[in-house]
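Please dock the two separately framed chains into a single complex, following the hints provided.
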Amino acid sequence: MIAGIGESKLGKVPEMSALGITVDAALKAIDDAGLQVQDIDGLLLHPAFHVSPRYHIIVAETLGLYVKTMADTTMMGGASYGAALERAKFAVESGLCRNVLIVGGEKLATGHVSGSAMMASVGAHNLDYEYPFAATIPAYYGLLAQRYLHDYGATDADLAAVAVATRKHAALNPGATMRMPITVDDVLASPVISSPLHRLDCSLVSDGAAAYVVSAQGTSKDPRREISMLGIGQAQSYYHMGQLAEGKGDHDLVRTVVDVAGKRAYEQAGLGPGDMDLANIYDSFTITVVVQLEDLGFCGRGEAGAFVTDGNIDPGGKLPVNTHGGLLSNAHPGACGGMLGFTEAVRQLRGEAEGRQVADARAAMVTSASAVASNFSVSILGASA
Amino acid sequence: MAHITRPLPTITQDSQEFWASTHDHAMKLQRCDRCGRFWYYPGPVCHYCGSTAFTWTPVSGKGTIYSYSLLERARGNPFEGDVPIAIILVRLEEGPVMMSNLVDYGDGDLAVDAAVEVTYEDVTDEVTLPVFRPAAR
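Line by line, the protein sequences are chains A and B. Numbered per numbering that gives the first Met the number 0, the first sequence spans residues 0 to 384. Numbered per numbering that gives the first Met the number 0, the second sequence spans residues 0 to 136.
Looking at chain B on its own, in the form it has when it is part of the complex (with noise of 0.2 Å):
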C-alpha cells in the first residue's frame, strides 16, 4: 500500500470506542437503541431519532462506493506527495455513509456502486483508519 502521510484524528470521548475498534481491526459503530439505526460519525445522539441510548456493534465492513474522487493534485497539504489518492464515499451495508480511500485497487474498481469492504491502515500506535479495497469477488 502506497504510504500516506496522513493528518491525524483528535479522539475524544465521543470516539474512543470507535479508535478503539479500527485499532483492534474490527470497526464498530453506534446503533441506536430506540430506532435501531446504526450511525457515523460518532456522536453523543441518535442523528434520526435523537436518543442517547446506543450500543457499539460491530459492522461487517461491506459496502459500496456512493461518489469517489481521484485527487491528484494537493498543493499545501502534508500528503501532497502522496497522490494519486483515491477518496471515496462508502455507503454501508448498515446504512451510514463514511468517507475513506480505496486502496489496492485496479482498473475499474473506482467506479459508483463497486463493492467494497474494510481493510485498516494502522497510522500510530494509537490511531487506524479504516480504508476500503475492492471487495473479494
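So that you can see chain A by itself, here it is in the shape it has in the complex (with noise of 0.2 Å):
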C-alpha cells in the first residue's frame, strides 16, 4: 500500500538544486507516512537528466540512508514511477524491504542542464535512424498524432478538447501552473510546434519533485489513509517508430500495447473502465491521453474526440481525467512528472483534494507512458476500506 507522499514546490523553483527538491519531496513523503528517515531500506528511482548513473545512490547517501537491502534504477523515462510502483510492491509483499521510497526530481525549468533537448533526445530519441531527420518529441507524438487522425476521421480540435478539459481541472487546483480557461480555438490559435499538434497540445517545462513511501498493507500509524495497489501492469513495445508502425497482431503506432498493461491491472483489481470514479492518464500531449481512453476501454475506438467533448473528463464528469491538471498545465518536471498523477490520486481517494475532490472516490487509475506511446504502467488504486 501506498503510506505516504510528498511534492516539492513545482513549477520554477530557481532557489533549489535538483537534489535539494529531490530531498524535499523525499522527507515529506516519510513524514506523511509516518515514518522516520531510518525506516526506509529501500529506493527507487530514474537518474533522468543526472549525470551520474549511481544518483539513486547519492540521493540515498543525502538522506543518510546507509544500509538498503534494494536501491535501484528504473530507466523506463515516463513510465518509470508506475513500473517503480510494481518493483516495490513485490519488495514488501517479499518481506525484502519495509518501507521503499520512490523518488524523483528534476529541473527542466530553470536547472543546469545544457540542451535539454539534446538531453531528452539521448533517451527518447534513437540517434542513429531517426534523431539525424530532425525528429524531436514533439515531432514522434505528432506523427503518431496525424496517423490517428487520419485512421478515424478525427481533427485538431478533437484533440485539442483534452487540453480544455484539462485546464478545467488546473483552475480548481490552486498550486497549478497554468490554471486561465482555455478554448478549443485557444488551443487551435497557438504555434504549431510539430503538426497537428500546438504549443497547447503539448506538456509544460517545469522544476519538480514527487515521492512516495509503499510499506506492507495494515503497517501504518493511520490505515484510514493507507491507499491499496489494487492492481498494476506494465506493457512495454518498440522503440523505433517505423517498427511501432509496422506493428504485430492487433497492435501499431495508433493501437498502443497500454490494452495489456489495462487488462492486468483491471484483472487484478477485479474492476473494469466503469468503476473507475477518476483516471490520472499520463498526458506528454494531447495525443498521448485521446489513444490511451480508447485502449483502456473507457469509450470506443475512434470515440475519444467526441467522449472528451461531450464532458466526460471534465471535473464532475463520468471520469475526471487529471484533477490535478496534469502534464498539460499542473506542472511536467520530466519522467518524474506522471508521479504527480499518483500523488493527485492518493490525496483523491484519502478525500484530501479540497476543492478538487471527486465524490466518494473510491477507486483511480494512474498511467504513466514514455518512448513515445510504448512504454505504459497502469495501475489501479484503492480507498481504504
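Misleading hints may appear alongside valid ones.
To be verified - Pairs of lysine-lysine, DSBU-like flavour, derived with a Cα cap of 35 Å: (1) B:K61 - A:K247; (2) A:K88 - A:K11; (3) B:K27 - A:K247.
As the list claims (entries may be wrong) - Each pair of labels, with its calculated beta carbon distance range: (4) A:K11 - B:R72: 16 to 22 Å; (5) A:M179 - B:P43: 48 to 54 Å; (6) B:R72 - A:A305: 26 to 32 Å.
Simulated from the structure, these hints should not be mistaken for lab results. Glycine included, every Cβ here is placed at the ideal spot set by N, Cα and C.
Here's what the structure looks like:
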C-alpha cells in the first residue's frame, strides 16, 4: 500500500537544486507516512537527466540511508514511476523491504542541464535512424497524432478538447502552473510545434519533485490513510517509430500496448473501466490521452474526441481525468512528472483533494507512458476499506 | 534543397553496409535468407524470424507516406534554425517503415498515402541520408 506522498514546490524553483527538491519531496513523503528516515530500507529512482548512473545511491546517501536491501533505477522514462510502484509492491510483499521510498526530481525549467532537448534525445530518440531527420519529441507525437487523425477521420479540435478539459481541472488546483480557462479555438490558435500539435497540445516544462512511500498493508500508524494497490500492469512494445508503425498482431502506432497493461491491472483489481471514479492519464501531449482512453476501454476506437468534447473527463464528469491539471496544465518536471498523477490520486482517495475533491472517490486509475506511446504502466489504486 | 543541420548517426559493424549503399546513392536493406522479408533498421538478426542469414539487397526506393509531421519549432536542437522540416514515416514497397524527410515538395504532397521516392542528401564525406521526394507522376 502507499503509506505516504510528498511533493516539492512545482513550476519554477530557481532557489533550489535538483537534489534539494528531490530530498524535500522524499522527507515530506516519509513524514506523511508517519515514518522516520531510518525506517526506509529500499529506494527506487530514475536518474533521468542526472549525469551519474549512481544518482539513486547519491540521493540515499544524502538522506543518510547507509544500508538498503534494494536501491535501484527504473530507466523507463515517463513510465518509470509506475513501474517502480510495482517493484516496490513486490519488495514489501516478499519481505525484501519494509518501506520503499520512490522519489524523483528534475529541474527542466531553471536547471543547469544545458541543451535539455539534446539531453532528452539521448533516451527518447534513436540517434542513428531518427534524430538525423530532425525528429524531436513533439515531432514523434505529431506523427502519432497525424496517423490517428487519418485512421479515424478525427480533427485537431478533437485533440484540443483534451487540453481544454485538463485546464478546467487545473483551474480548481491552486498549485497548478496554468489555470486560466482556454477554449478549443485558443489551442488551435497557439503556434504549431510539430503538426498537428499546437503549443497547448504539449505538456509544460517545469521544475519539481515527488515521492511516495510503499509499505506492507496495515503497517502504518493511520490505516485509514493507506492507499491500496489494487492492480498494476506494465507493457512495453518497440522503440523505433517505423517498428511501432509496422506493428504486430492487434497493435501498431495508434493502437498501443497499454491495453495489455490495463488488462492486467483490471484483472488483478477485479474492476473495469466503468468502476473508476477518476483516472490520471499520462498526458505528455493531448494525443497521449486520446489513445489511452480508447485502448483502456473508456470509449470505443476513434471515439475519444467525442467522449472528451461531451464533458466526460471534465470536473464532475463521468470520468474526471487529471484532476490536478496533468502535465499539460499543472506541471511537467520530466520523467518524474507522472508521479504527480499518483500523488493526486492518493489525495483524492483519502478525501484530501480540497476544492477539487471527486465525491466518494474509491478507485482511481493512474497511467504513465514513455518513449512515444510504447512503454506503459497502469495502476489501479483504492481507498482504505 | 533547404539546408538542415543534421545530427550524425554512428556507423557500426551492423550498419556500415547500409551507409555505404546510401553513400553510393543506391540504398540496400537486409533481406532475410530464410523468410525473405526485408528489415529496417540495420541489425544483426531478422526482426521477423530470428535468422542471422541475410543478403544486402537493393530496394526500389519507392513507398508511401504512413504518417507525417511538419516540425515548426525545435528550440535547443541543432536544426532549430532550419524549420519547417517535414518528417515522414515511409512505408517502403518492400515492407519496412522508415523515418525520413520529405524534400522538394509542394502543396498537397505532404499527405498520408502519398507516393514518394528516395533521393539522397550527402551530409558529410562519410554520411549520406536517404530522404524522399514526391514520386514522379
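How the hints compare with the structure:
1. B:K61 - A:K247: holds (23 Å)
2. A:K88 - A:K11: holds (32 Å)
3. B:K27 - A:K247: holds (24 Å)
4. A:K11 - B:R72: 16 to 22 Å: This hint holds: roughly 21 Å between Cβ atoms.
5. A:M179 - B:P43: 48 to 54 Å: holds (53 Å)
6. B:R72 - A:A305: 26 to 32 Å: Between R72 (chain B) and A305 (chain A), where Cβ atoms are some 30 Å apart, the hint holds.
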